[in-house]
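Novice: These are the residues of each chain, in order.
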Amino acid sequence: MTHPTLTKGTGRASTWAALLGLLLLAGCASTPQWPDQAQTAELSQPNRQLLTEVPFYPQEAYQCGPASLATMLNTQGLATDPEILKELVYLPGRRGSLQVELVAAARSHNMVAYPLKPDIEALLTEVAAGNPVLVMQNLRFNWWPQWHFAVVMGFDSQEQALILNTDTRQHYEMPYKVFHATWDRAERWALVILPPDELPATAETLPFLRAAHDLESTGHTVAAQRAYETAEHRWPDQPAPIMAQGNLAYDQRKPATAASNFLRVVNRFPGFPEGWNNLAYALSASACAAQASDALACAAQLDPERFGQAGHQWTNAAGPVISECPELPACPATIDQ
Amino acid sequence: MNGIRRHLKQFSLVMAILLAFATTVSVSAHAGMVGTGELIQQQQVDLDRQQLLSMLETQEVKDKLAQMGVSEDQVAERIQKLTPAELADFEQQLAQAPAGEGVVGVIVLFLLVFIITDMLCATNVFSFVKCLR
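Residue numbers (this note's numbering), protein chains in the order written: chain A, 796 to 1132; chain B, 135 to 267.
I should point out that these hints are in silico values taken from the structure, not numbers from a laboratory.
No residue lacks a Cβ here, since even glycine has one placed at the ideal position from N, Cα and C.
Each hint should be verified, as a subset may be incorrect.
[What the hints assert, rightly or not] Quick look at which bits of chain A chain B covers, simulated, 3 or more residues with Cβ under 8 Å:
hint, segment
1, 1004-1012
2, 1033-1044
3, 1071-1081
[Unchecked claim] Distance ranges between label pairs, derived from CB positions:
hint, chain 1, residue 1, chain 2, residue 2, range
4, A, Thr-1013, B, Thr-217, 39 to 49 Å
5, B, Ala-200, A, Pro-853, 34 to 44 Å
6, A, Pro-850, B, Leu-246, 27 to 37 Å
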């Protein structure tokens, strides 16, 4: 597979040639190499890994979704089985389950459903870390698909095989090539399901926060809060996890908690205008108008384009000034960027 | 009914442009609390843009761009101007690209994606692309 060589200045012809070349390239997507041991040494992937402490449910007709999900949830110590989950995720009319429903069902058990990066390294890293991975496969062709869910329970890098709990087979060793082809036709969809105080081995800040925020927006606020705390602990150099906790408290009408969270943000990340902005609103809701106006002014100073026009000036409604209004840190003069 | 069918292409182009405007306007006119979803989205856009820009730094990519007659600055400028929607669109294409494609492939893909929009005369960065209309 080589790229078509382009010569300078041949204009549109070369463009089309490049385009055609790319289409051809895309057409012959081959199986990527099994991750090299040397290359992934830091992951300390053992040669053979198999998660055994998981009950196995042979699927009944078309019910790979409930069976796979039950395996995933049981791994996390949740007592459930395919019969119960069938009510949640099985669509008799379509003789199957949808990905979104599996994700939603995981959330309804207060679990974080974390979608993996679509590459084999991520998948193997999770399995090596002890997390079974829910995958989707297309067992037939793109134009006549047969969708299937399975759980990757292990792998054998000597044999280059993945060990799956799939349909009625437990610990079925599927050659990597076959697995990758079927997985690739399902857009390499892979998911780990973990309680909110645990992080997936391949977790990255933004996707993890998105998964946590999805918990929040589906009403699982306690689990979301836990997940935000987990994220804050793991990525102390990121303002977003603390911001999320502040926003959650603000939405729950706890302005004082919200303000203390946003105050943490501006103390640790004084150059982060969103922190000052949200702090302003939380302070205003806690009847601290003077400090709120100061915080908003700071947000406007740091990012005039975004927060400059707001032009809010808050005044406290008549009443005693609450003495518990926090003292704000100094607004940084300019951002060093 | 047939009349609509015949003009479907033009119609969908107009709709696409309208929608693109609608999203940019709603983002910039927003004031108040910065929500968590908005914050995540915004940081993702920054991250994607940074990643794309950092790819321009490799020698292979520089060579490829020179070969195609496009300057690095032009591409960097184009990347800076990408709207969040375009960036997300590109990231999606990237995710679906064959695994193991190197950074050169990514940049070439990027150029091709935007050459196609240039052909629709939505943008006009590459002088060697002629408008079809």
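Novice: Evaluate each hint against the coordinates.
Specialist: Evaluated hints:
1. Beta-carbon proximity to chain B at under 8 Å applies to 5 residues in the segment 1004-1012 of chain A; the threshold of 3 is reached and the given coverage holds.
2. Counting residues of the segment 1033-1044 of chain A whose C-beta lies closer than 8 Å to any C-beta of chain B gives 5; at least three are required, and the coverage claim holds.
3. By the rule of at least three residues with a Cβ nearer than 8 Å to a Cβ of chain B, the coverage given for the segment 1071-1081 of chain A holds, with 3 such residues.
4. The hinted range of 39 to 49 Å is not satisfied by A:Thr-1013 and B:Thr-217, whose Cβ atoms lie roughly 29 Å apart.
5. Judged by the Cβ atoms, the range 34 to 44 Å given for B:Ala-200 and A:Pro-853 is violated: they are separated by roughly 59 Å.
6. Taken as a hint, the range 27 to 37 Å is violated for the pair A:Pro-850 and B:Leu-246, whose Cβ atoms sit roughly 49 Å apart.
Consistency with the previously given hints fails for numbers 4, 5, 6, ordered from lowest to highest.
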